[in-house]
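Engineer: The residues making up each chain are set out below.
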Amino acid sequence: MTAFDHLIVAPIVIPAVTAAVALLVMRRRRRLGAALSLAGCVAGLLAAVALLVTASDDAIRVYAIGGWRAPFGIVLVLDRLSAAMLVLASLLGTIVMAHAVITAADRKGWHFHPLFQFQLLGLNGAFLTGDLFNLFVFFEVLLIASYGLMLHGQGAARLKAGVAYVVVNIVGSAIFLVALGLLYGLTGTLNMADMGVRIAMLPSGDGGLARIAGLLLTAVFALKAALVPLHLWLPRTYAATMPVVAALFAIMTKVGVYAMIRVVPLVFGATTGEAAWVPSPWLAPAAIVTALLGFGGVLSGRGLRESAAFAVLGSTGSLLLVLAAWTPAATAAALFYLINATLAGAALFLVADVAMRRRGQYGDAIVPTPRFAGQDAVGLLYLATCIAAIGLPPLSGFIGKLLMLRATVDAPAQPAIWATILGTTLIGVVGFARSGSAIFWKPADGGAGLVSAERSRADLTAPAAALGAIVLLTVFAGPVSDWTAATARQVFAADRYVAAVLSSEAGR
Amino acid sequence: MSLEFLIASAIGALVAGGVYLSLRARTFQVVLGLTLLSYAVNLFLFAVGRLTVDRPPLYAKGVADYADPLPQALVLTAIVITFGMTALSVVLALRSFLESGSDQVDGIADEEAES
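Top to bottom, those sequences are chains A and B.
Taking numbering that gives the first Met the number 0, the leading residue of the first sequence gets 0, the next gets one more, and so forth.
Taking numbering that gives the first Met the number 0, the leading residue of the second sequence gets 0, the next gets one more, and so forth.
No lab work stands behind these hints: they were computed from the structure.
Glycine included, C-beta positions come from ideal geometry on N, C-alpha and C.
Heads up, some of the hints might be wrong.
What the hints assert, rightly or not - FRET-style restraints, in silico, Cβ to Cβ: (1) A:5 <-> B:66: 32 to 38 Å; (2) A:108 <-> B:52: 49 to 55 Å; (3) A:433 <-> B:4: 55 to 61 Å.
As the list claims (entries may be wrong) - The following residues of chain B were derived to be distant from chain A, with all beta-carbon distances above 10 Å: (4) 5; (5) 19; (6) 68.
Work the whole structure out from these sequences, hints included.
Structural biologist: Written as structure tokens, this is what we have:
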């Protein structure tokens, strides 16, 4: 085993070390601590890109922690899916961290940097782990960090929303544990690959229990992904927290989606008898309602943050709708759209933050404002971000939606899927057109001058960088969609994953 | 009455109480509800390794049947995590009560003065 093989743990180790160092340094030297934290994000991004390049040879790499082989020890598994999610999370983390440092959002309370790094640690760990209980632990790590981040800066409204957010997620964790317990009781293993094999060999009397466990697990992932009717926590939380934190949270709903893509084909896949594709009948209807409600919320939102939160909800709904077909083609399209939706959702929050900083007492309310500094630049950024978020040409959201429509041509529910995706796009266009024209076009009649200190343009950097990533995704849509297609094929070849994990000689 | 029935009904009663309390409007009751729920989950996880009496978990000379040690490790992890979570939710509930002057979960103060 060479040193390069150990790179798989880097996305977990780097944030852990950075968090501790930032915590110590921040006490005395704030600037140095912030710089270290940002450097940690960049280092994580570099490691993730290196892993992405490594994973592009289609091999599934297994890293046995402590040299304990699967299924007895905990393994980290690097395949195309986890590598892509790692890069996405690290890229988003770096952009958001840069924005927090530039706008001094990290100074509004204590311990922003350590919490942020632990959030990245939890995200990266969830993407890498091959063990279901370990997935629970990493979920908890990222949730605990997110509680701290969500309350960063404080305020009564934020605390109230925070209580609801924490309570909902604690109940979700309890359900996760029940599902894990059921699966362990049935199969006697927690390793996902091993579990898939054993579920297929269950005696017929246990099929019902396996179905219940599968549905409970999906319910937990749907809670994280904010699927209707488990979505109620999201708009309130995202609208009450700081926009820069909400931008990072744009990837949190995608963790739920990732967990479904990882667990369902592997543990509840085609070969697993009675438990095969157990979440499918529930997923599509819920996703349709989520998409409608999300983009409907964009239309009815009263603030930029609220409409951005609903846009995140709607994009998750449309991508789960396509995913629910559980075919490689649909998964490939959904993965492409997932990358776009994450970046666009984060960019929406960052632009909302930039607008809020300039509009003084008007905050993020969607009302006409007197002219503010940098109105044209912010307006253009908002326009481009909305185009990406709704999926209009020329940006990658359009390509993603096109891929999703093409992938579901032969699906049995094709009319419903197409009607939902196209209909919600129209609703989204109207919603964003309304908010954009109210804020950036309509002059306020009369009205007092703005109480706004923000004059510099430095804070436009991070939203522009997020937008730049979306433009790059558009330009390189060909290679990226080839990559997601290969990823989907790898995800659906569950036997290769099982073979790689269970016969691994790695880590010794 | 068998051991299985006793454990199952205990879990059921805890879950029922936990769900009822978590749905209440005041944060203190919700925190208690979450605690009851986590007790139930811990008991459930413990029972997942099958209910056995007087069996060694790892190794003992001349013993053929063992208790499953893994659920015990899982329960330990779950207890630690839920303990931290409960502490956090207590602090959060207290803080939110002090900041907003109301311990309603949805943040709307009681209009009518309740006892």
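Engineer: Now tell me, hint by hint, if it's right for this structure.
Structural biologist: Hint by hint, here is what the structure shows:
no.	hint	in the structure
1	A:5 <-> B:66: 32 to 38 Å	holds, 36 Å
2	A:108 <-> B:52: 49 to 55 Å	holds, 52 Å
3	A:433 <-> B:4: 55 to 61 Å	holds, 60 Å
4	5	holds, 18 Å
5	19	holds, 13 Å
6	68	holds, 12 Å
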